[in-house]
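Engineer: So the chains spell out like this:
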Amino acid sequence: MSPRSALALLILVGILGGVVAIVRMGQLPPADFTFNNDTEIESLDPAVVTGQPEGRIIDELYEGLVRLGPKERKPLPGVAERWDISDDGLTYTFHLRRDAKWNNGEPVTAEDYVYSMRRFLDPLTLAEYAYQAWYLKNAKRYSRAARGVEPGDPVEVELFEPPEGALPHARGEVLRGELVKIETDAGASEEDLEDPEQFTKRRTFVVSIGDTERRFRVGEANTADGAETCNQLMLDFGEVGFRAIDDHTIETVLESPTPYWLNLLGFYPLYPVNQTCVETHGPLQWTKSENLVTNGPYQLEFRRLRDRIRLRKNPHYWNRDNVAIETIDALAVQSLTTSFNLYETGKVDWITKVAPLISRELFVADPPRNDFNPDAQFGTYFYNFNTTRKPFDDPRVRQALVMALDRREIVSTACAGELTAQSMTPPGLPDYEPPECEGTNLERAKELLAEAGYPNGTGFPKIEILYNYEQQHQTIAELIRKQWRRGLGINVATRNEEWGTYLSSVRQLNYDVARRAWIGDYLDPITFLDMFVTGGENNNTGWGDPEYDKLIADAKSEADPTARLELLTEAERMLMRELPVMPVYYYVSRSMVAPHVFGWYNNLEDRHPLWALSIDRSAKGPNDFMSSEPVREITLGTPGQREGDE
Amino acid sequence: MISFIVRRLGWMLVTLWVVFSISFFLMRAVPGGPYSAERTLEPEIEANIKKQYRLDLPVYQQYLLKMRDMVTGNLGASMKKDFTVNRLMREGLPVSAALGLLALAIAFTVGLIAGIVSAVFRGSAGDIMLMSVATIGIALPNFVVAGFAIILFVFTLQWLPAAGWGSLGQLVLPALCLGAPYAAYVARIARTGMLDVLSQDHIRTARAKGLSPVTVVAKHALPTALLPVVSFLGPAVAGILTGSPVIEQIFAIPGLGWHFVQAAVDRDYPIAMGLVLLYTTLLYSMNLIVDLLYGVLDPRVEWE
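Those protein sequences? They're chains A and B, same order as listed.
Residue 114 is where the first sequence starts when you use this note's numbering, and the numbers rise one by one after that.
Residue 10 is where the second sequence starts when you use this note's numbering, and the numbers rise one by one after that.
Excised from the complex, chain A in its bound form (with noise of 0.2 Å):
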């Protein structure tokens, strides 16, 4: 053999060993339960992350004062064993249990609480979700840092070097005082004293300190006339309903009564954080697997970017004695025909989710599957109205827009099982029946666009719908257009836009008509209804009503059930009156389980513990998934029916 052609050959082995090599390190031996979780998570800090998938992780990794059970997600004892809630309801205090450790075989103690809902609440953690507990006295205004404060208040005055002998990342030296005055800088615009991001900028707090009186700006470059640094200037933490009696008992208490408030403390942001390892670590270091410490059912063993997450039994665990499963893989696969792909060869044995095109499959299939079981969500699918811009302006167009919408022709041919839906609140809570607008109704609908003075269509502007790409909305959007042409003789177009830019578009009204979804935060009406008060930062329609805020307003402070509920109904009939957005249909859950796994319930939340799971495979007949009755009959329509139709 040739010198050249050996050294051809030893490249082609080197390249194939080096593959090989590379596949070997990636080997592991399969875990227990294997899911996919459906992306790469954001992070494993339960303070900073707002999405499913991490709350899937997280929900297992981490333990509330309270947890949410597997199938009617009622509150159940967490760490705290018991609670007493006062008669007035705002007052919460939490007994925690003595058995309760962190993964590294330490006490898990009220403090630990404390410091995490401190550390929630604080801006500078970049919490987008702190506002789930602002139901706390004074929470609202301790997130607000310098703009949640006034003279005469207790304030905290956060320095930027940590005290001496703390850990290399703990929070700067903290100041604490009262708030003597806010000084406006001389030469500021009236426009510059209004900007909330400029809102420290502009201004010196005078905080008396002791016997002294210091002054303070807040940000690093920022002094001025011998006035102090510091990193933040907030309301002191000690005036928030949040604090610890013992070790062992957590007292709360609440701006208003809010009956959804233990749910709340079952939802991932609110669980604690271990001090010690956030502040040894600090950011991005510490929710590696070397480093993160955590106190519930779980705990990391490793994580591959992109790959998946393995989670193993946590021995420390209090009920440790029921968590049935040792291992469980989180896969992170994107695309949902590859979910499919591994569920049905056997890799995988819970997708979350099935594309509509493969669930129709599922629907009819013969023999009819054991492992799909489709059920009703808290979530809408909807159009907003830009009621800032002609002609949705005027009530009766967008009554007559809403009221030529052909949804039973949407769910058929774009969707899977979904259920169309007239009202923003998804129906299934308890004691909550969601008022209806209109159905479909082409005679009046013309009959409306007449008296706002668009006879047969007639001088209406030509109306844009805007979309973020993805296949399904895409053709959402081209039948609701078809449908308005074809109903109202108005002339529609569609535009595209990419998520991001999307985004943008809708928080600056910088469309039409345009999609969007929502999925609620809690089982409560209000996580729909308090988006659409004047100004909220999730409206984006510019639609707003004094009266509405009003029964929002008041429903938040009403104390007793029933009463709130109506105020709430009676905002939504309003809501579904005045429609500054079109409810298209509620969410539909699409999960497949494998007939092995047991303790998997089907709930409107969609939310399912991992630590309540348990696999049989000598099991025989259905499991819980398979044989708990629907919330609502799902059903898969015949493409193109439209309403009307048999």
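Keep in mind that the hints were calculated from the coordinates and are not lab data.
Mixed in with the good hints, there may be bad ones.
[Claimed, not checked] Once the Cα atoms are required to be at most 27 Å apart in a straight line, the calculated DSS-like pairs of lysine-lysine come out as: (1) 59/B with 253/A; (2) 575/A with 559/A; (3) 314/A with 75/B; (4) 253/A with 75/B.
[As the list claims (entries may be wrong)] For the chain B half of the interface with chain A, some residues (derived, Cβ under 8 Å), not all of them: (5) 63; (6) 88; (7) 92; (8) 93; (9) 97; (10) 101; (11) 107; (12) 174; (13) 254; (14) 258.
[Unchecked claim] Some chain A residues flagged as far from chain B (calculated, every beta-carbon gap over 10 Å): (15) 116; (16) 214; (17) 277; (18) 278; (19) 675; (20) 683.
Beta carbons are placed, not taken as given, at the ideal position from N, Cα and C, and that holds for glycine.
Got chain A; can you put chain B on it based on the hints?
Structural biologist: Coordinates of chain B only, in the frame set by chain A:
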């Protein structure tokens, strides 16, 4: 040769700088930002996020600071997720490299053999069949090939796993699908090159001297016929790199490709920038290697 390499590496730095600058300003020209979320953020949080990622500074300062980071090898951390770009590359690059190398090996081995065979047996039924397959291979995008391959090998024959990472079996299908279109290109190029050489005088002379057909093809024709194939190595690497996001997604391979796509969607500037620069370096080095190989294969070429 040394001065040639040094000069080319110098140009690589210039290229990287240009790519960096263009990407930097393009990314900021796109509407939306890393902090856009479906829910509107509180102003305090938004201000703190901007501060943390220096988005509150004027663009030119961001640019200079970012350039300093790049020069010192600090690629930064993702704006959306809790890991650094360096960790992402450390975990993803070997995986993508394994997939890409295997795909390249398949493309060039299969392609070369097919090309030579059809050139030597020009006009035969085998030639027509091979070239028809190659034409189809070029026309079909890799995700279509992947769809058919999954139906055939995973569900019908049940020979290979559907997706995932951790065994050689799981790598076969993705490498095959990723390499297939390039195998087809290589086959066509090799055939043309071979036909060209086989009609030349020195081959006729070699045949006239009575050398065996195998020796004529392998020893006298092949090195010259390889030249166009080698020059295809550059574009092929580029294609395999850019084609891998789709394949990585279909087969759930934890490589770099999907990060790249997702970073663009998420406006995750540090990840997007890190990967753009990595890809630029890879492509540039591949082209450099191709140019060096040219000199090895063809004595007429000089490194200028």
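Engineer: Each hint needs a verdict: does it hold in this structure or not?
Structural biologist: Evaluation of the provided hints:
1. 59/B with 253/A: Status holds; Cα separation ~21 Å.
2. 575/A with 559/A: Cα-Cα ~17 Å, so holds.
3. 314/A with 75/B: Given that 27 Å is the threshold and the Cα spacing comes to 25 Å, the pair holds.
4. 253/A with 75/B: violated (35 Å)
5. 63: For residue 63/B, the interface hint is violated, since the closest Cβ of chain A sits about 13 Å away, which is over 8 Å.
6. 88: violated (10 Å)
7. 92: Hint on residue 92/B: holds, closest Cβ of chain A at ~6 Å, below 8 Å.
8. 93: holds (6 Å)
9. 97: holds (6 Å)
10. 101: With a closest approach of 7 Å, the residue 101/B hint holds.
11. 107: holds (4 Å)
12. 174: holds (5 Å)
13. 254: Nearest chain A Cβ about 11 Å off; hint violated.
14. 258: Where the cut-off is 8 Å and the nearest Cβ of chain A is about 5 Å from residue 258/B, the hint holds.
15. 116: holds (12 Å)
16. 214: Residue 214/A is indeed farther than 10 Å from all Cβ atoms of chain B, at 25 Å.
17. 277: Holds: least Cβ distance 26 Å, greater than 10 Å.
18. 278: holds (26 Å)
19. 675: holds (30 Å)
20. 683: At roughly 25 Å from the nearest Cβ of chain B, residue 683/A sits farther out than 10 Å, so the non-interface label holds.
Going down the numbered hints, you'll see the structure goes against 4, 5, 6, 13, while the others check out.
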